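S.K.: Take a look at the letters that make up each chain.
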Amino acid sequence: KAGVTQTPRYLIKTRGQQVTLSCSPISGHRSVSWYQQTPGQGLQFLFEYFSETQRNKGNFPGRFSGRQFSNSRSEMNVSTLELGDSALYLCASSPLGGVPGELFFGEGSRLTVL
Amino acid sequence: QQQVKQSPQSLIVQKGGISIINCAYENTAFDYFPWYQQFPGKGPALLIAIRPDVSEKKEGRFTISFNKSAKQFSLHIMDSQPGDSATYFCAAKPYNFNKFYFGSGTKLNVKP
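These protein sequences, in sequence, are chains A and B.
Mapping of the first sequence onto my numbering: position 42 corresponds to residue 42, and the numbering continues sequentially without gaps.
Mapping of the second sequence onto my numbering: position 9 corresponds to residue 9, and the numbering continues sequentially without gaps.
There's no promise every hint is true.
Simulated crosslink set (DSSO-like; lysine-lysine; CA at most 30 Å straight-line) [what the hints assert, rightly or not]:
#1 Lys57(A) x Lys111(B)
#2 Lys42(B) x Lys107(B)
#3 Lys42(B) x Lys13(A)
#4 Lys57(A) x Lys5(B)
#5 Lys107(B) x Lys13(A)
#6 Lys57(A) x Lys71(B)
#7 Lys13(A) x Lys99(B)
#8 Lys57(A) x Lys107(B)
#9 Lys42(B) x Lys57(A)
#10 Lys107(B) x Lys57(B)
#11 Lys68(B) x Lys57(A)
The set of hints was computed from the structure by calculation and includes no laboratory data.
Quantities reported herein were computed from a predicted structural model and do not represent experimental measurements.
Sequences are here, hints too, so could you generate the full structure?
M.R.: What follows is the structure, encoded as structure tokens:
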């Protein structure tokens with residue numbers, strides 16, 4: 001079974017630009033979550049999608065947005081990039097929608113903002 | 001405000017020794033406490049997890065000890081090996097949300 005796939009793996013942007021990151025969950029997983037990982041803050045929850053609906057949202061500004069498609073694939077978008085947005089963005093899928101379970105992480109998309 | 005506090009930040013252990021990483025939390029709504037292992041260039045992977053109705057869970061060389069009254073839990077790695085060198089994250093999840101709160105991570109280095 002293929003794991004969680006994130007694209008692109010690396011990208012460099014400049015301040016003010018926007019970026020879209022993509023995540024393909026494990027087949028059959030309907031819940032997709034996004035986390036931001038930075039050396040100083042660790043992993044911080046961005047949002048979770050289930051059946052194309054955002055179910056939970058973390059404490060990030062509105063510049064961070066996401067969506068989920070009918071095939072469970074998800075995208076997140078960051079607009080008006082700031083230097084502080086440089087981070088590893090991790091996508092994770094879960095096999096069950098409403099009950100606690102294991103998060104299966106992808107390898108992440110490493111964003112550098114110059 | 002960090003909802004899950006993890007210590008130490010880094011840890012050096014000799015091969016064969018015991019590695020111990022500690023975490024503390026405040027939110028009594030948490031009901032699932034996993035530990036994740038992350039190697040450089042990879043995403044975190046679930047190592048072991050526990051629910052608050054048990055005080056200890058063991059899987060191979062990895063053990064979680066859980067103290068509900070103190071709101072603390074810890075990861076013990078017995079017979080630590082160089083291949084265990086990685087960053088370890090504790091986490092906690094409330095019962096009604098699929099939203100995980102992670103500790104800040106512990107970088108473990110097992111010396112051969």
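S.K.: Does each hint fit the structure? Answer for all of them.
M.R.: Hint by hint, here is what the structure shows:
Simply put, Lys57(A) and Lys111(B) have alpha-carbon atoms about 40 Å apart, too far for the 30 Å limit, and the pair is violated. Note on Lys42(B) and Lys107(B): the hinted pairing holds, with a Cα-Cα distance of about 14 Å set against a maximum of 30 Å. Between the alpha carbons of Lys42(B) and Lys13(A) the distance comes to roughly 22 Å, so the proposed pair stays at or under 30 Å and holds. Annotation: proposed proximity of Lys57(A) to Lys5(B) holds, straight-line Cα distance about 21 Å (limit 30 Å).
Straight-line distance between C-alpha atoms of Lys107(B) and Lys13(A) comes to about 29 Å, which keeps the hinted pair within the 30 Å bound. For the given pair, Lys57(A) sits about 25 Å from Lys71(B) by alpha-carbon distance, which is consistent with the 30 Å threshold. Proposed proximity of Lys13(A) and Lys99(B) is supported: the alpha carbons are some 29 Å apart, at most 30 Å. A distance of roughly 28 Å separates the Cα atoms of Lys57(A) and Lys107(B); the hinted pair therefore holds under the 30 Å criterion.
As the CA atoms of Lys42(B) and Lys57(A) are separated by approximately 24 Å, the hinted pair is consistent with the 30 Å bound. For the hint linking Lys107(B) to Lys57(B), the alpha-carbon distance of about 22 Å falls within 30 Å, and the restraint holds. Of the pairs offered as hints, the one joining Lys68(B) and Lys57(A) holds, with about 27 Å between alpha carbons and a cut-off of 30 Å not exceeded.
Comparing the model with each numbered hint stated earlier shows that hint 1 is the single one that does not hold.
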